[in-house]
Every structure is written in structure tokens, then in C-alpha cells.
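Peer 1: Below are the chains, spelled out letter by letter.
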Amino acid sequence: MDGSFLLPLLIGLPVVGALLVMVSPKGEGGLARMLGLSFSLITFLVSLGVFAYFRANLGGMQLVFDTVWVSSLGIHFKTGIDGISLWLLILTTFMTPLTLFAAKGSIDKHVREFVAAMLLLEAGMIGSFVALDLFVFYVFYEIMLVPMYLLIGIWGGQRRIYASIKFFVFTMVGSLLMLAAIIFLYVTHGQVTGTYTSDLEALSNLILPHQAQVWCFAAFALAFAIKIPLFPVHTWLPDAHVEAPTPGSVILAGVMLKFGIYGFLRFAMPLFPAGAAELAPYIAVLAVIGIVYGALVAFSQDDVKKIVAYSSVSHLGFCALGLFAMTLTGIQGSIFAMLSHGLTTGGLFLGIGVLYERRHTRRLAEYGGIWKQMPIFAGLYLIVTMGSAGLPATSGFIGEFLTIFGTFTASNFPGNYSIPNPMLLGAFAATGVILGAIYLLYMFQKVFFGKLDVAKNGGLKDLNGRELAVFVILCVGIIGMGVAPHRILKSMEPSVQTFVRNFGRGVSEPDGPARLYGTPVPSQPRAAKTAPVAQLGVGQ
Amino acid sequence: MGLTVASALVVAVTALVHYNNIGDREVVLFNGMLVADKLGYLFSALAAFAVAIVALIAGPHQRTHAWENGEFFGILLLSSTGIIMLAHAGDLMTIFLGIETLSIAVYVLTALRKKSARGNEAAMKYFLMGAFATGILVYGMALLYGAAGTTNLAAMAERLVATPNLPLTVAGAFLVVIAFGFKIAAVPFHMWAPDAYEGAPTPVTAFMAAAVKAAAVVAMIRVFGTALGGEVLPFGTLGWASPLVIMAALTMTAGNLAALKQNNIKRLLAYSSISHAGVILVGVTAMAWARPRRFRRWFYVMAYGLTTLGAFAVVAYIGSKDRERLLLDDWAGLATSHPGAALAMTICMLSLGGIPPTAGFMGKFQIFKSAMEVYDGQLLWLVILGILNSAVSIYYYLKVVTAMYFKPVAQPVGELHAPSQAFVIALCAVLVMAMGLLPSFWMGL
Numbered sequence: 001m002d003g004s005f006l007l008p009l010l011i012g013l014p015v016v017g018a019l020l021v022m023v024s025p026k027g028e029g030g031l032a033r034m035l036g037l038s039f040s041l042i043t044f045l046v047s048l049g050v051f052a053y054f055r056a057n058l059g060g061m062q063l064v065f066d067t068v069w070v071s072s073l074g075i076h077f078k079t080g081i082d083g084i085s086l087w088l089l090i091l092t093t094f095m096t097p098l099t100l101f102a103a104k105g106s107i108d109k110h111v112r113e114f115v116a117a118m119l120l121l122e123a124g125m126i127g128s129f130v131a132l133d134l135f136v137f138y139v140f141y142e143i144m145l146v147p148m149y150l151l152i153g154i155w156g157g158q159r160r161i162y163a164s165i166k167f168f169v170f171t172m173v174g175s176l177l178m179l180a181a182i183i184f185l186y187v188t189h190g191q192v193t194g195t196y197t198s199d200l201e202a203l204s205n206l207i208l209p210h211q212a213q214v215w216c217f218a219a220f221a222l223a224f225a226i227k228i229p230l231f232p233v234h235t236w237l238p239d240a241h242v243e244a245p246t247p248g249s250v251i252l253a254g255v256m257l258k259f260g261i262y263g264f265l266r267f268a269m270p271l272f273p274a275g276a277a278e279l280a281p282y283i284a285v286l287a288v289i290g291i292v293y294g295a296l297v298a299f300s301q302d303d304v305k306k307i308v309a310y311s312s313v314s315h316l317g318f319c320a321l322g323l324f325a326m327t328l329t330g331i332q333g334s335i336f337a338m339l340s341h342g343l344t345t346g347g348l349f350l351g352i353g354v355l356y357e358r359r360h361t362r363r364l365a366e367y368g369g370i371w372k373q374m375p376i377f378a379g380l381y382l383i384v385t386m387g388s389a390g391l392p393a394t395s396g397f398i399g400e401f402l403t404i405f406g407t408f409t410a411s412n413f414p415g416n417y418s419i420p421n422p423m424l425l426g427a428f429a430a431t432g433v434i435l436g437a438i439y440l441l442y443m444f445q446k447v448f449f450g451k452l453d454v455a456k457n458g459g460l461k462d463l464n465g466r467e468l469a470v471f472v473i474l475c476v477g478i479i480g481m482g483v484a485p486h487r488i489l490k491s492m493e494p495s496v497q498t499f500v501r502n503f504g505r506g507v508s509e510p511d512g513p514a515r516l517y518g519t520p521v522p523s524q525p526r527a528a529k530t531a532p533v534a535q536l537g538v539g540q
Numbered sequence: 001m002g003l004t005v006a007s008a009l010v011v012a013v014t015a016l017v018h019y020n021n022i023g024d025r026e027v028v029l030f031n032g033m034l035v036a037d038k039l040g041y042l043f044s045a046l047a048a049f050a051v052a053i054v055a056l057i058a059g060p061h062q063r064t065h066a067w068e069n070g071e072f073f074g075i076l077l078l079s080s081t082g083i084i085m086l087a088h089a090g091d092l093m094t095i096f097l098g099i100e101t102l103s104i105a106v107y108v109l110t111a112l113r114k115k116s117a118r119g120n121e122a123a124m125k126y127f128l129m130g131a132f133a134t135g136i137l138v139y140g141m142a143l144l145y146g147a148a149g150t151t152n153l154a155a156m157a158e159r160l161v162a163t164p165n166l167p168l169t170v171a172g173a174f175l176v177v178i179a180f181g182f183k184i185a186a187v188p189f190h191m192w193a194p195d196a197y198e199g200a201p202t203p204v205t206a207f208m209a210a211a212v213k214a215a216a217v218v219a220m221i222r223v224f225g226t227a228l229g230g231e232v233l234p235f236g237t238l239g240w241a242s243p244l245v246i247m248a249a250l251t252m253t254a255g256n257l258a259a260l261k262q263n264n265i266k267r268l269l270a271y272s273s274i275s276h277a278g279v280i281l282v283g284v285t286a287m288a289w290a291r292p293r294r295f296r297r298w299f300y301v302m303a304y305g306l307t308t309l310g311a312f313a314v315v316a317y318i319g320s321k322d323r324e325r326l327l328l329d330d331w332a333g334l335a336t337s338h339p340g341a342a343l344a345m346t347i348c349m350l351s352l353g354g355i356p357p358t359a360g361f362m363g364k365f366q367i368f369k370s371a372m373e374v375y376d377g378q379l380l381w382l383v384i385l386g387i388l389n390s391a392v393s394i395y396y397y398l399k400v401v402t403a404m405y406f407k408p409v410a411q412p413v414g415e416l417h418a419p420s421q422a423f424v425i426a427l428c429a430v431l432v433m434a435m436g437l438l439p440s441f442w443m444g445l
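Going down the list, the sequences are from chains A and B.
Residues 1 to 540, numbered by the numbering used here, are exactly what the first sequence covers, in order.
Residues 1 to 445, numbered by the numbering used here, are exactly what the second sequence covers, in order.
Just so you know, the hints here were simulated from the structure itself, not pulled from any lab data.
In this text, all values refer to a predicted model and were calculated from it rather than measured experimentally.
The reader is advised that the hints may include incorrect statements.
One side of the interface only, derived from the structure: several residues of chain A facing chain B at Cβ under 8 Å [said to hold, decoys possible]:
| no. | residue |
| --- | --- |
| 1 | V70 |
| 2 | S71 |
| 3 | E142 |
| 4 | I143 |
| 5 | I154 |
| 6 | R160 |
| 7 | F168 |
| 8 | M172 |
| 9 | A180 |
| 10 | I183 |
| 11 | F184 |
| 12 | Y186 |
Glycine is no exception: its CB is placed at the ideal position from the N, C-alpha and C atoms.
Let the hints inform the model, and build the full structure from the sequences given.
Peer 2: Below you can see the structure in the form of C-alpha cells.
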């Protein structure tokens, strides 16, 4: 057994779970919750099985599963993981049961539909993280939107309809241009080589003319920039976060935002290296603007959820910057920061959920001095907040440190790839860390310290068993990642190295001949020049 | 109703059997008046299937909306004769006959609710515009005959290769484009469609949107694919490609923009159908370059037809008890009271909006792929425009979903008893998903 069946199984399990939940008898929702929780837990266990099969010392794709899906179009259902997607996959399967478990307090109507939507969302996310075929990726990437749209729209707050439509349309506009680029690639590969395929490995062997690369990269970049979200296309995020119910916010921030960075890593940059090199300076600058801008806007918010939402804009800016720095450290930091952001921001949102369930308000002014009432919650929430602010010994510190360090050292990449003035960008990014610590601690202080001056807060109850379990698990994760990051960093290192090497080759290589159209010419696989590592390292 | 469904299914099965047996052969019948090939049998089967579905929707609708008419079913079957004739047309004359058989039957269907003022207005508009279009069609055909000296499509192709740029040919092709533009409600010849769609009884609207449109498409494939281009004449030589391209761009965009502000579900679907006609036109244009009989891209026509039938079936179902319930406000909270219908409608809306993994997405992928293949990327801009239009369209399709799922119930919809409609809705929803998830089977058809 080579374990290749595990990845399709991981996608299938939540779908089966969702179908079972939908046909389960209508009732209090207890059965639906139990089904949902068990299926997502089984999914998590299976993902640990994937982990067991994974060989950390290899840089390529592993557990590759490949079967024909649409034969007449040459589209394969192809999945696989490397050291990068492995951890994001585990983040997904870890956060979903946790969120479902925590959701008991916040979701009490249409429970069956809620659980089914969450499971479908999980299937979509897993599928997107393991897809090795552009078409398959696009399908899963879009599937994710529908359950999230329903989550915001049905269980959300006051302006949920506006927020859900804005979320859907924003993301859709971006991904449709990506679809145009995907079709373009697909058709071009068909016309140049005679075989129609949307296989990622095959397509990355196609050398596009410079101009085509720039346009295609721009189309992909828009889709992923909206998802990250990069300044100035971030405006959907605060609305979506504020209106979404707690589980929706947790999954949105915890996992879904990662698809932006992941998309750049897995698709946009390997497919169009020259295009990426051309546009990287702009993206790096936007990322830094996002870091500072998100932090500054977070300052002035009165709504706790908005603070965390804008902090996401800031934190994901780090990830983008680290990635485009194109150093081993920077990219590792970027991925690590994504994982850390999943845990810490997920935790922040869950904590806000805890407060909201008790008081039904998210205004800072309504809180203060809560530490006395909820000491356990306050203690655990402090760890989460510190993790988000990047305190040493938490996961956030490692991520931010590595991205900034990686940015400082980004100067000697082969070819004509560079981001402008890495020192300056790194310095600005570092101010984001300071600002982040300030607004997060300000938020914490406003909520938990000071006098207990709002009478209603007098009767607040501390965490119940379920909430306690959730926060303990999260805090263990945050501190564990902060104290012992090596395991994660080591296992992604070969994959990141492969990525950097292939990207470097793509950038330094002269433009391919303009043979986009016209007589078919067999493609010359780029990998042929430097033998052992195939493009993307697939199939090692 | 039962008899109609049965006979339609017999036709469908027969067509599919022939479809399987004929392979890549092309059998010419009646001196070239009719052609039996895969394309023809496929569309015949589709037409018969659509008739069966429409009949199943119409049965309960007639009872609850007091327009019980036995002749409805007869005329419905008659109109499908027209479609089948079009599907197998090998001659301009057959095309004309087919279009007239179909159109006259549908005019009558539109007007069947004699007491409804809206219905009469709709039928009148539809009839006048249709007659006008027929006139233009005949005029164009006459010019084409003048240029080629024959009305047989295959023979015409051969003769036009010798003298491709005759002014007569260009003018004739141009007029034929306009006539078909009327028939499929392409901008700027679409004005009649929203009123006709709204005024016609819902089952008839479903038939107009799905089957009549498919019929016009297959006629276009025959004329533009066989006689005026396709394998024989290069892209655009006969002067019909550019007007068609412009028409496609306008149709997609104008249809979508107009749909944005509709609050009446039938009008919304009418404008949506106009924009889909634009997408189909992109496919027809691309056909000028590739072999028209490789009709994987007509998967889109199947997908669109099925989805539209499903959507209108839900409209008919929801309005079946007391009143029509055409305003979106009437649909508020439907997900709570009728989760099945709401789910099916959501699937249809996602499919029309082109969201995977539905039939509509696969179809759009096909169409845009074939347009991208036209040489030198001449149609790249059209593809991007089409894709941007999808983004716009999502907004109004989501309006329907939003009303059903996110809004509190305003006008409660009571218990509904229309098993045949419920069956059709479920069937369409399942097929739309099946076509999206396992497209190979349907594309290999």
C-alpha cells in the first residue's frame, strides 16, 4: 500500500458525512452535531495517517493519486501533497472538528444545515490543498464559496446579506479571471503539444512568452490577492468577518485565507515565474502597506471582531512578504506564519464568540475588568493574544521572525528577480510587529483589566468544560509550535527548497519562443535540463 | 399528460438508439432534405425529453391555474416535430419548415390562457416579432439561393467555396444572422423576450427558454456549420462571423445588466436566458473554426436547457397552489418551508451562474475553451468578457438564493401537492449535478 488512496478518502469523508447529516432526522440537532463531529474527527485521524506515510526528507509530491475524470477533455483527478500542503492540510482537518465542537454555544438554529455546510466546506478546503490539477483545484476553490456564503448569510449578524453577497462576488470576480488564465494555459498546452491537459506538472513545463506570463500571473494574482487579502482588495474581509457567526469567522480566518498564499506558492509562481518576477515588487510593496495599514486601522476599532479582522489583513501581509522575498527562510516563515495565524486568530475569534454568547455585544466599551469574573478564560486568552502578537515562545514569534529575517536577506536571487529595497520593506514590516503587539494588548487590556464597571458583566460565568477543552487544545498548539518549531520547519524544508530552485530556474531562463499558436511543436520539458528534480518535484 | 410523456419518451429512446448505432456516418434522406447523423439524433432526443418534462410540469399547472386544455399537449408534440425537423435539416427549405412548425405551435401555446391579458399581449408580441424574423429569414435564404443556386446545405458549401465573397452571399448570411438573432432572443433583437416569457404560462416559458432555444441553436449549427463555414470555409470569410461576435458580446452583457434589477423571477430568468444566448453564440462563432460535429461544446446547450427547465419547474411548483408567486419577495424563507425545492433551485441558480461542480460550469468551460482555440486568440477578448459577465450574473442568481435562505418568511407557501412537478424538479437537480460531476458520460454522448 502506498497510501495514495488517503487523500481522496480525506475529501470523500466529509462529503459522506454531510450527506448523512442532511438525511438524518430533524430534531434538536444533537445527532447532526454528533455525526459532524465524528466525521470530522475521523477525517483528522486519516490526515494523521497521511502524516505517517509522509517522508519528510523528500522534496517532491507524495501520495500522488491520479485517475481520469473528464476523459474527453483530458482532465485528471490528481491529488498529492508535499511538505507545504501537508501542514496546511492538517491545519484544516484540525480546525474543523475543533470549530464544530466549539460551535455548540453559538449555533442553535438549523443545526443540520450548519453541520452539513461545515463538512462540505472542509471537503472543499482539503480538495484545494491537495489538488495537482488546475481544473480540479478551481472546482474545489469555488466549491468552498457556497457553504461559506450560506454560513454568513444564514447564521450571520445584522448585515449578513450584504456581507455574504460581497464576499461571494469579490472572490468570484477574482477567481473567474483565474479561470480565463487556466483555460488559456489549457488551450495553449493543447495547441503546442497536441495533448489537452490541465495537469499542473505538465503545464509548468510549458514555456510561455514573457508577455503571456505577465498577464496570466496577473490574473492568478488578482484571485489570490483577494483571498489573502492584500491591500487594496481586502475590503470584503472585515464585513465578512464581522457578520459571520463565530464558526464561520474561525474557518474563514483560520484556513480559508491561506489559499491566497498557497495559490501563489503552488500555482501562480511555478507556472509563470517570469510573470511573477515582473510583478513581485508591486506585491511585496502592497503586502507591506497591508501590514502597516491593517495594524493602524485595527487601532481605531471599537468592535472586538473588527480588530481581529484587520489584524488578519496585517498578519497575512507578513506571509505575502515572506513568500515574495524568495528566500528559504522567508518562505518557511510565511508558511509557518500561516499555520500560526490559523491557530491564534481562530482562537481570538473563538474567544470573542465566548464573550458574545454571554453578553451579545462586541463593543469594547461594554467590557472591562472581566479577569475577575473569568480568570481561566482570561489566562488562556492571554496566551492566544500573545501568540497573535508574536511573543517569543509562541508560534507567532517564529513565523514573524522568519518572514522578516527572510526579507532582510532577500537580495541575491538568481536572474532578474528581486523585491525593491528589502531592508526598508523588512523594517516597515517590523513596525507591524510592534503595532500588532500594541493593538492586541490594548484590546486585551480593555476587555480584561481595569474596573468591572458594566453591571451586566458581574454575572459572567467562566468557561464551561467544552470551551475549556477547546482553548487548552489551542494553547497547547500555539506554545508547542513556538517552543519546538523544528519538526514542522524540517519537514517542509525539502519542498520549499525544490520550490525555490525550480522558481529560480524559471526566472533565469530566457523567454521561451513565441510558439503559443500555430503549428504544434512538441514541448521541451524544462526539467530535462537539470535532470533529477522534476518540475515541482512531482513523482519522486 | 400521460400519453404525451409516453410518446415523448418513445421518441427520445428511439432517437438515442439511432444515435448509438449511427456512429460517424451521415445518412442523407429525401434528396438531402433531411440528414440523419449524431447531431440530429442528439437534439431530437433532447427535444423529446424537454417535451416530456414540460408536459409533467404543465399537468398540475393547468389544473391549478384554470387553463385546462387538451390541445396543449397536442400542440406541444407538434412543436417538437418542428424541432426534430430542424435537428435533421439538410436543406434551407427544411430549416424554414421546421422553424415555422415550431414557431406557430409556440405562438399558440403562449396564447392558450385566453382570459389572461398579459398572456395575450405576450403572444401578440411574440407572434409579430416571430413573423418579422421569418420574413427576414426567407429573404436571407433567397439571397443565399441566388448566390449558390441551391438550397441544399452541403451542396451550397461546395459552391460557395469557389466564390466565397459574393456580395449576395454576405448579404444573405447577414440577414440569416439577424433572423436567428430574433429567434434566440439575442441583443438587439431581444425586446420581445421578457414580455413573452413573463406572459406565457410558466410551462410554456420553460419550453421556450429551453427547447425553442436549443432548436434555434441546432438550426444555426446546420446553416453556419455546414453551409456557410465550418470545415469548408475559413473563419469569417462569409461575413457572418463578425456580426455574430458582436451580437454575442452585446447579448451576454446587456442581458446580464438588465437581469440585475429584476424582481420578478420570470423576467429575471428571461434576461438570464438572453445572456445565455450570448454564451451560446460564442460557441456558434467558435464553431466556424473547429469541426461543428464535434459537439462536445453543445454540452452547454444540454446543460443550460436542463437547468432552465429545472428552474422554471420550481417556479411553476411554488406558484401552483394559490397564485403565481413571481416576485422574489414571495420566495422569502422558502428554504424553511420547502427545503427540497429551495435546494433544487439553488443548484439550478449555481449552474446558471457557472459555479462548479454543476453542469453549467462544465458547459461554460467547453464554450470558452473552444472560443479560445480560434486562431491567434481572436476571440480572447470575447472569452474574458464572457467570464466577467459570469461574475456579474452571480449577483442576481444569488438574489434568488438569498431570498430563499436568508430572508424570513413573508408570504407562507402552504403544502404543495404536485408529485409530477416535484419529480421533474428532483430529476433536473440530480441531472444537473450529475452532468457537472461526471461530464465524461454526457460529453461522450
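Peer 1: Look at each hint and say if it fits the structure.
Peer 2: Hint by hint, here is what the structure shows:
1. The closest approach between the C-beta of A:V70 and any C-beta of chain B is roughly 5 Å, which is under the 8 Å cut-off, so the hint is satisfied.
2. About 5 Å separates the beta-carbon of A:S71 from the nearest beta-carbon of chain B, less than 8 Å, and the hint is met.
3. Taking 8 Å as the C-beta cut-off, the interface hint given for A:E142 holds, the closest approach to chain B being about 5 Å.
4. Taking 8 Å as the C-beta contact cut-off toward chain B, the hint placing A:I143 at the interface holds, the least distance being around 6 Å.
5. Interface hint status for A:I154: upheld, as the beta-carbon distance to the closest one in chain B is roughly 6 Å, under 8 Å.
6. The interface hint given for A:R160 is met, as the beta carbon of that residue sits about 7 Å from the closest beta carbon of chain B, less than 8 Å.
7. With its C-beta approaching chain B no nearer than about 6 Å, A:F168 sits inside the 8 Å limit, and its interface hint holds.
8. For A:M172, the interface hint holds, since its Cβ comes within 8 Å of a Cβ in chain B; the closest pair sits about 5 Å apart.
9. Checking A:A180 against chain B: minimum C-beta separation of about 5 Å stays under 8 Å; hint holds.
10. Taking 8 Å as the C-beta cut-off, the interface hint given for A:I183 holds, the closest approach to chain B being about 5 Å.
11. Here the hint on A:F184 is kept, as its CB sits about 6 Å from the closest CB of chain B, short of 8 Å.
12. For the restraint placing A:Y186 at the interface with chain B, the shortest Cβ-Cβ distance is roughly 7 Å, inside the 8 Å limit, so the hint holds.
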